[in-house]
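Throw the hints in and build the complete structure from the sequences for me.
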Amino acid sequence: MATGYARGVVFIHSAPRALCPHLEWAVGRAIGRAVSFEWSDQPVQPGTRRAEFYWDAPAGTGAALATAIRGWEHLRFEVSEDPTPGSEGGRWLHTPDLGIHYAQTDSAGNIVIGEDRIRYAMEIAAGNAAELQRELDVALGSAWDEELEPFRHAGDDTHVVWLHKVG
83 MATGYARGVV FIHSAPRALC PHLEWAVGRA IGRAVSFEWS DQPVQPGTRR
133 AEFYWDAPAG TGAALATAIR GWEHLRFEVS EDPTPGSEGG RWLHTPDLGI
183 HYAQTDSAGN IVIGEDRIRY AMEIAAGNAA ELQRELDVAL GSAWDEELEP
233 FRHAGDDTHV VWLHKVG
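All residue numbers for the sequence shown refer to the working numbering, where the first residue is 83 and numbers rise by one.
Taking CB as the label site, the calculated pair distances span: (1) G209 to P98: 45 to 53 Å; (2) P103 to A145: 20 to 28 Å; (3) N192 to A145: 13 to 21 Å; (4) E229 to Q186: 14 to 22 Å; (5) E228 to Y202: 17 to 25 Å.
Simulated from the structure, these hints should not be mistaken for lab results. For each residue, glycine too, the CB sits at the ideal point set by N, CA and C.
The following block contains the structure:
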């Protein structure tokens, strides 16, 4: 059976400078070819670097990429794999404090929470709405998103134009 190809992105949100070449080596090994990232400074955490790398490789490579780079301290990253006709999409988030979080994604990039996980959340909540919300936040990876959000936007090179007078 032929394995389909998938594509995705590796976002290194913050990595110590000394770790950068090791990350390139690990990603290259996971996808089977040498890679070179375009690194830039991460302004949210001075002394660290950030990079984005778009990849295409056999379906399932997203998990291999996340596994290859998850063991280092002080590293914040995100790996995504788009779904293919034969495989689910996925999103792996990692922060030093929270560890790694995996979520299945649909063709639009939305997180898909399975029936069993929802039933578990309802069972744990036992009718308590606040507890149900907490459990669903865990399933969605909300804490990871909250921690990574400033790092995601720190490199946006867009300049804000303030409109003082319209009309």
